[in-house]
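J.: Chains as they are written, first to last, in my numbering: chain A, 785 to 1033; chain B, 79 to 391; chain C, 366 to 635.
Don't read these hints as lab results, they were simulated from the structure.
Any given hint might turn out to be false.
What the hints assert, rightly or not - As a list, the in silico EDC-like pairs of lysine to aspartate or glutamate whose alpha-carbon atoms are at most 20 Å apart:
hint	chain 1	residue 1	chain 2	residue 2
1	B	K253	A	D918
2	B	K253	A	E966
3	B	K253	A	E907
Unchecked claim - So the derived label-pair ranges between C-beta atoms look like this:
hint	chain 1	residue 1	chain 2	residue 2	range
4	B	G211	C	A611	50 to 60 Å
5	C	N524	A	Q869	34 to 44 Å
6	C	T512	B	V309	51 to 61 Å
To be verified - Reference listing, derived: stretches of chain B covered by chain A, where coverage requires no fewer than 3 residues with Cβ under 8 Å from a Cβ of chain A:
hint	segment
7	245-258
8	261-275
Keep in mind it's a predicted model, so treat the numbers as computed, not measured.
For each residue, glycine too, the CB sits at the ideal point set by N, CA and C.
Okay, here's what each chain looks like letter by letter:
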Amino acid sequence: MAILETDRLTKSFGALAAVSGVSLAIEAGTLHSVIGPNGAGKTTLFNLLTGSLRPSSGRIVLDGRDITGTPAHRVPHLGLARSFQRTNVFPAFSLLDNVWVAAFARAPSRRGLAWRRADRYPEVKERALAALADVGLAGQAERPVREISHGEQRQLELAIALAAAPRVLLLDEPAAGLSPEETKKLVALVRTLKGRYTIVLIEHKMDIIMSVSDRISVMHFGSLIAEGTPAEIQKNSEVRRAYLGGVAA
Amino acid sequence: MNRALIAILAAIVLLPFLVRPAIASEIWIFAIFGLGLNLLLGYTGLLSFGQSTFFGSAAYVAGWLMKIHGLNALLALIVGAGVGALSAAVVGYLCVQRSGLYFIMLTFALNQLFYFVAYQWTSVTGGEDGMPGIPRPAFLGIDFGNPVAYYVFVSVLFLVALLVMRRIVESPLGKILQAIRENEVRAEAVGYDTARFKLAAFVIGGAFSGLAGVLYAMLFGIVPLEAIGFVTSGNVVFATLIGGSGSLYGPVIGSFVFIWLSESVSTLWARWPLLLGVAFVIVVLFFRGGVVEAWARFSAWRERKWRSSRQTG
Amino acid sequence: MLYALMGLGLSLITGVLNIPNFAHGALFAIGAYLLASVANLIGNFWLALVVAPLGAALLGLAIEYLGIRRLYAAGHDYQLLFTFGLALILSEAIILVWGPVGYSHLPPPVLRGGVDLGFTFYPKYRLFVMAAAGLLVLATWLFLEKTRYGAIMRAGIENKEMVSLLGIDIHRVFTGAFALGAYLAGIAGALTAPIRGLSPGMGVDMLGIAFVVVALGGLGNLLGAIAAGLLIGVTQAIVAAHWTEASSVVIYAVMAAVLLVRPQGLFGIR
Chain A
785 MAILETDRLT
795 KSFGALAAVS
805 GVSLAIEAGT
815 LHSVIGPNGA
825 GKTTLFNLLT
835 GSLRPSSGRI
845 VLDGRDITGT
855 PAHRVPHLGL
865 ARSFQRTNVF
875 PAFSLLDNVW
885 VAAFARAPSR
895 RGLAWRRADR
905 YPEVKERALA
915 ALADVGLAGQ
925 AERPVREISH
935 GEQRQLELAI
945 ALAAAPRVLL
955 LDEPAAGLSP
965 EETKKLVALV
975 RTLKGRYTIV
985 LIEHKMDIIM
995 SVSDRISVMH
1005 FGSLIAEGTP
1015 AEIQKNSEVR
1025 RAYLGGVAA
Chain B
79 MNRALIAILA
89 AIVLLPFLVR
99 PAIASEIWIF
109 AIFGLGLNLL
119 LGYTGLLSFG
129 QSTFFGSAAY
139 VAGWLMKIHG
149 LNALLALIVG
159 AGVGALSAAV
169 VGYLCVQRSG
179 LYFIMLTFAL
189 NQLFYFVAYQ
199 WTSVTGGEDG
209 MPGIPRPAFL
219 GIDFGNPVAY
229 YVFVSVLFLV
239 ALLVMRRIVE
249 SPLGKILQAI
259 RENEVRAEAV
269 GYDTARFKLA
279 AFVIGGAFSG
289 LAGVLYAMLF
299 GIVPLEAIGF
309 VTSGNVVFAT
319 LIGGSGSLYG
329 PVIGSFVFIW
339 LSESVSTLWA
349 RWPLLLGVAF
359 VIVVLFFRGG
369 VVEAWARFSA
379 WRERKWRSSR
389 QTG
Chain C
366 MLYALMGLGL
376 SLITGVLNIP
386 NFAHGALFAI
396 GAYLLASVAN
406 LIGNFWLALV
416 VAPLGAALLG
426 LAIEYLGIRR
436 LYAAGHDYQL
446 LFTFGLALIL
456 SEAIILVWGP
466 VGYSHLPPPV
476 LRGGVDLGFT
486 FYPKYRLFVM
496 AAAGLLVLAT
506 WLFLEKTRYG
516 AIMRAGIENK
526 EMVSLLGIDI
536 HRVFTGAFAL
546 GAYLAGIAGA
556 LTAPIRGLSP
566 GMGVDMLGIA
576 FVVVALGGLG
586 NLLGAIAAGL
596 LIGVTQAIVA
606 AHWTEASSVV
616 IYAVMAAVLL
626 VRPQGLFGIR
């Protein structure tokens, strides 16, 4: 059963259709990648899924429930969490606080929101530390964000999404700006997350896509032009044409 | 009990021996006002340039109730905080939908709205002349006509306010507000209705401002029109920034600096707001980060000098 | 009309420089006082009308160059405090130089008296102000729309990085925009002097109105500022005719009402 579906999702800005009639079905527990040349509408698609943008038409269905038009701050509570293409953290906080804030949002009870001391929420702290541990940053929990490297910031970016205890993870170019070493570590990390979460992945680095994806959807100028297993996509001539041979298939 | 708190307690005890009790009271009252503003400015990153709206409204309403209806001190304080919170809810609701420059200008313009209402409604507020004759009703049988007794009352309330604010900023709410300041988009993306939280910050800040307003009215026995004017709004921003908006105690230090400065200079020269303006300009150009940061930088410099002299010596 | 002038100047400054200019009202006041002094000094209203706003513009230039330049990266709170401090300094300086009591200044002889419009007598001077302000707004509009400098300024509102990437010194653009905004405020003040008289507090009242105009028109939306200025001016005139005391409050109430319904102002884009 598809845990996340879109039905002819469209977003137009005036005459420009950034996303046009996209219908996707993401199966639970799989890693489904969305690829396409720059400007294909992939990040816009994510923005639609997470409620940052309202669709011009079409529907979004999560676990059988129509969630179209849900405002952005309610989306994590439905089980959908996202990491951003450009590192989007809380600069003045420590790593732990970064993740803590995300974890607290999803705490079952916000009792004492304004008068209980923040360190008296052991379950929240536990979940925050677990998220940091998942990405390999547990040892640096107290360090301020300013002091960590770019690669570690991308890991933190992921941890913030994990802290929301989602069912579906939307990862927007998690490997952006990473060195080959760091990229390998990231791929290993994503592999450990596979199966625990349903993952929708946007990436440009084809080797990652081909090695971790269960299914791939290809976007071009806002529409879906192809969908299938990595093997099928590699052989697809339309996909090749869209990339103009710029990527080794 | 940390060092800052001890220092403040010491200040509370020693201050009446250094300045007149009325001025000492004014310092703590203004500190309460600053604490309220700083929740918005320092913690949430919202520069509200109309805090006098809540300060003045509370002063007028509570003052009127005390004067005409003989409201007792405790109820007056509660009413004041309530009026402050309510007016902040209204203003905040209009303002949180905008950000950046728009937000600042809106808070200012709404402040002006309240100011002009107060200015024109002379039958109630006394217009330019202000609302005189605010009593200091007794509390628990203690007569507050004595300035020292009132000072004790004010400083106790200040301590309560400080501890409450400390609780708030150390709570999850405090963290969420700071997260909004750091990255509002992400705060929303992880699941917080940021508009609601900003409004909450407004209301809390408004309550503090209202409390300060009532205490101010009782201190001077009058609600002057300026209490709801933009100069008061500017003063509290200045005091908070000069103390350092990055810490809980910044507004307290700033209140000291500001009140002491303004009280000493205003008796010397009627045109003292000019010096105030000059002070603003100087602080902005040279002393950003305020006293707290200047002290931190000074301490760091001292550390380095001491360490290097140990190496060479 | 005057409100349109003030709004246009402030919108330009806030749009291009992205700072809260709390000194805008003070520049208005300076324009008025300079007019009065210069006119009294040399006995010629028209010359004073030319000189006074230039004085305001020069002051604006100095302010931008010496102060605001350093604060672009500092954040709105410090910029606000700076311009607010300036406003205080200027209004107190006015009291120092010209005394705390307001006074009036007559319009030049040729413009005194009224014009019979058929249904009412309308003061000649006010007609002149309307026409002059209208011309100024038009001239500024043409400058911004048709000339190269104007286009650069407008581009600066949209995208500052782009402008500097094109090799244009963005700081000169900022200085120019601030000076132009100051000029507009100054001449608005100069024109107002014979109508409303002069008082040290005239700057603050104008400042609030200018903010309302800009908030309604949309920050940096120059046409919006003009339209909003006209709207506010007309509204206030109508209200003042029927319920004088509420005329100030009404402006702010209208703003609050509009923003409740349309947070982006009447013409804002967001």
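J.: Are there three or more residues in the segment 261-275 of chain B whose C-beta lies within less than 8 Å of some C-beta in chain A?
T.: Holds, because 11 residues of the segment 261-275 of chain B bring their Cβ atoms closer than 8 Å to Cβ atoms of chain A.
J.: Decide if the proposed pair is consistent with the structure: K253/B and E907/A, CA atoms, cutoff 20 Å inclusive.
T.: Measuring from Cα to Cα gives roughly 17 Å; hence the hint holds.
J.: If you check the beta carbons of T512/C and V309/B, does the distance land in 51 to 61 Å?
T.: 40 Å, violated
J.: Using the beta carbons of N524/C and Q869/A, state whether their distance is inside 34 to 44 Å or not.
T.: 21 Å, violated
J.: Between the alpha carbons of K253/B and D918/A, is the straight-line distance 20 Å or under?
T.: 23 Å, violated
J.: Given the hinted pair K253/B and E966/A, is their Cα-Cα distance within 20 Å?
T.: Between K253/B and E966/A the Cα gap is close to 31 Å, so the pair fails against 20 Å, i.e. violated.
J.: Starting from the hint 50 to 60 Å, judge whether the C-beta atoms of G211/B and A611/C obey it.
T.: 27 Å, violated
J.: Establish whether the coverage given for the segment 245-258 of chain B by chain A is satisfied; the threshold is a Cβ-Cβ distance below 8 Å, and no fewer than three residues must meet it.
T.: holds (count 11)
Consistency with the previously given hints fails for numbers 1, 2, 4, 5, 6, ordered from lowest to highest.
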